[in-house]
Amino acid sequence: MLVPERIAYLISPQWGQQGCFWSLVPTGICHNRRELKGSGMEPDSSPLTTHVLDTASGLPACGLCLHLSRLEDLTQQWTELRKSYTDPDGRCPGLLRPGQMKPGTYKLSFDTESYWKERGQESFYPYVEVVFTITKETQKFHVPLLLSPWSYTTYRGS
Amino acid sequence: MRAAGQDKISRAARRLLSFQRHLGCPESNGLEPEDSPLTTHVLDTASGLPICGLCLHLSRLEDLSQQWTELSKSYTDPSGRCLGLLSPGQMKPGTYKLSFDTEGYWEERGQESFYPYVEVVFTITKETQKFHLPLLLNPWSYTIYRGSWS
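Chains A and S, in that order, give the protein sequences. The first sequence begins at 565 in the numbering used here and counts up by one. The second sequence begins at 101 in the numbering used here and counts up by one.
Read the hints as simulated data drawn from the structure, not as lab findings. One thing to keep in mind: the hints can contain errors.
Partial selection, computed: residues in chain S whose CB lies under 8 Å from chain A [what the hints assert, rightly or not]:
#	residue
1	L149
2	C152
3	Y175
4	T195
5	Y215
6	S241
7	Y242
8	Y245
9	R246
Simulated pairs of lysine-lysine, DSSO-like, Cα-Cα distance not exceeding 30 Å [claimed, not checked]:
#	chain 1	residue 1	chain 2	residue 2
10	S	K197	S	K230
11	A	K671	A	K700
12	S	K197	A	K647
13	A	K671	S	K173
14	S	K192	S	K230
15	S	K192	S	K173
16	A	K704	S	K192
17	A	K647	A	K704
18	A	K681	A	K700
19	S	K230	S	K173
20	A	K704	A	K671
21	S	K226	S	K197
22	S	K197	S	K173
23	A	K647	S	K230
24	S	K197	A	K681
25	S	K192	S	K226
26	A	K666	A	K704
27	S	K230	A	K666
28	A	K681	S	K230
29	S	K197	A	K671
30	S	K226	S	K173
31	A	K647	A	K671
32	A	K700	A	K647
33	A	K666	A	K681
34	A	K666	A	K700
35	A	K666	S	K197
36	A	K681	A	K647
Partial list, derived from the structure: chain A residues whose beta carbon lies under 8 Å from chain S [to be verified]:
#	residue
37	C626
38	C629
39	T669
40	F688
Using N, Cα and C, we set each Cβ at its ideal position, and we do this for glycine too.
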């Protein structure tokens, strides 16, 4: 049975690490934490986290698709590590497993245009890409994105 | 009526300003701010000062090949501006990218930074419109927004 990737998460644990489209989940149902717990990865165990806020509405940006990639040292090509969607709180738990973090250059790509189109809003940026450097694999990194159709801010948070 | 001396100073000041602009944007070809359909302004929010000498590249995504083509390479002037990124006839609807070599800027100042570079991809729908893209930058964060020149 083919189901949209976003909804498949709700059905099968194997999609647990791909993220979910929470806006389709009725209030009170929470599969995410149970599934992540079953896979051995707690939501807050990731050494890399993000948080997307829609500053035009003053609300978290839910259901926004994002990709995490790493620049390979030898080939200088980007390798996608994860594709995910923000939850109702605008967060994306489990971007990286604790052992996956290593020093290097990473990129978070946010599919912002689709997010705004779903809301009938024109926007200036077809997508947002944030490229950053991780030097210490034991450190935790929080890379929030404050987003409106015409501007965005990113910063290294905690 | 203005004195002859005042005229000379005014002309010298104008020439200096024009010279500075040419230094900041070699490809500007003497374009005035009001001529260019695309401008940027880079500010260092850590020091509260404009960023001078920051290298930036403007590229456009080709419709057919979906490859980026570099249109210009420039440097910000002492006021942090880079005027004349595009000549008036160069603007056409499409997807553009401004790439700022921020790491090089911070390294010259002995400052560690989180971002090896900053890239902003944006869409131009009307070639007759003017676009101003300021970048507010420090080693650990940045903000980009669609502004206006005036």
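Against the structure, the hints come out as follows:
With a least beta-carbon distance of about 19 Å to chain A, the hint placing L149/S at the interface is violated under the 8 Å criterion. Given hint, C152/S at the interface with chain A, is violated; its Cβ is 23 Å from that chain's nearest Cβ, farther than 8 Å. Of the supplied interface hints, the one on Y175/S is violated, with its beta-carbon coming no nearer than about 21 Å to a beta-carbon of chain A, more than 8 Å. For T195/S, the interface hint holds, the least distance from its beta-carbon to any beta-carbon of chain A being 6 Å, beneath 8 Å.
Checking Y215/S against chain A: minimum C-beta separation of about 6 Å stays under 8 Å; hint holds. Taking 8 Å as the C-beta cut-off, the interface hint given for S241/S holds, the closest approach to chain A being about 3 Å. Below 8 Å, beta-carbon pairs count as interface contacts, and Y242/S has one with chain A at about 7 Å; its hint therefore holds. Because the beta carbon of Y245/S sits about 3 Å from the nearest beta carbon in chain A, less than 8 Å, this interface hint is met.
Interface restraint check: R246/S against chain A, minimum CB-CB distance 5 Å, threshold 8 Å, status holds. At most 30 Å may separate the alpha-carbon atoms for a hinted pair to count; K197/S and K230/S meet this at roughly 16 Å. At roughly 16 Å between alpha-carbon atoms, K671/A and K700/A fall within 30 Å of each other, so this suggested pair holds. Restraint check for K197/S and K647/A: the C-alpha separation of about 23 Å stays at or below 30 Å, so the hint holds.
Distance hint between K671/A and K173/S is fulfilled; the C-alpha atoms sit about 23 Å from each other, no more than 30 Å. Restraint check: the Cα-Cα separation between K192/S and K230/S comes to about 11 Å, which is no more than 30 Å; the hinted pair holds. Proposed proximity of K192/S and K173/S is supported: the alpha carbons are some 18 Å apart, at most 30 Å. For the proposed pair K704/A and K192/S, the alpha carbon gap of about 43 Å is over 30 Å, so the pair is violated.
Between K647/A and K704/A the alpha-carbon distance is near 20 Å, which keeps this suggested pair within the 30 Å criterion. Between K681/A and K700/A the CA atoms are separated by roughly 38 Å; this puts the pair beyond 30 Å, and the hint is violated. Distance restraint check for K230/S and K173/S: the Cα-Cα separation of roughly 19 Å lies within the 30 Å cut-off, and the hinted pair is therefore satisfied. Between K704/A and K671/A the alpha-carbon distance is near 16 Å, which keeps this suggested pair within the 30 Å criterion.
Distance hint between K226/S and K197/S is fulfilled; the C-alpha atoms sit about 16 Å from each other, no more than 30 Å. For the given pair, K197/S sits about 12 Å from K173/S by alpha-carbon distance, which is consistent with the 30 Å threshold. The straight-line distance between the Cα atoms of K647/A and K230/S is roughly 35 Å, outside the 30 Å bound, and the hint therefore fails. Taking the CA atoms of K197/S and K681/A, the gap is near 21 Å; set against the 30 Å cutoff, the hint holds.
About 7 Å separates the Cα atoms of K192/S and K226/S, which keeps this hinted pair within 30 Å; it holds. Note on K666/A and K704/A: the hinted pairing holds, with a Cα-Cα distance of about 11 Å set against a maximum of 30 Å. Simply put, K230/S and K666/A have alpha-carbon atoms about 43 Å apart, too far for the 30 Å limit, and the pair is violated. Annotation: proposed proximity of K681/A to K230/S holds, straight-line Cα distance about 24 Å (limit 30 Å).
At roughly 16 Å between alpha-carbon atoms, K197/S and K671/A fall within 30 Å of each other, so this suggested pair holds. Proximity of K226/S to K173/S is assessed by CA-CA distance (about 23 Å); at most 30 Å being required, the pair is judged to hold. Under the criterion of a C-alpha separation no larger than 30 Å, the hint pairing K647/A with K671/A is consistent with the structure, at around 12 Å. With a C-alpha separation of about 23 Å, the suggested pair K700/A and K647/A falls inside the 30 Å cut-off, and the hint holds.
Proximity of K666/A to K681/A is assessed by CA-CA distance (about 35 Å); at most 30 Å being required, the pair is judged violated. With a CA separation close to 7 Å, the supplied pair K666/A and K700/A stays within the 30 Å bound. For a cut-off of 30 Å, the pair hint linking K666/A to K197/S stands: about 29 Å separates their Cα positions. Proximity of K681/A to K647/A is assessed by CA-CA distance (about 20 Å); at most 30 Å being required, the pair is judged to hold.
With its C-beta approaching chain S no nearer than about 23 Å, C626/A sits outside the 8 Å limit, and its interface hint is violated. Taking 8 Å as the C-beta cut-off, the interface hint given for C629/A is violated, the closest approach to chain S being about 16 Å. Using the Cβ-Cβ criterion of 8 Å, the hint placing T669/A at the interface with chain S is satisfied: the shortest such distance is roughly 6 Å. Satisfaction of the interface hint for F688/A is found here, the shortest Cβ-Cβ separation to chain S being roughly 5 Å, below the 8 Å cut-off.
When held up to the earlier numbered hints, the structure conflicts with 1, 2, 3, 16, 18, 23, 27, 33, 37 and 38 and fits the remainder.
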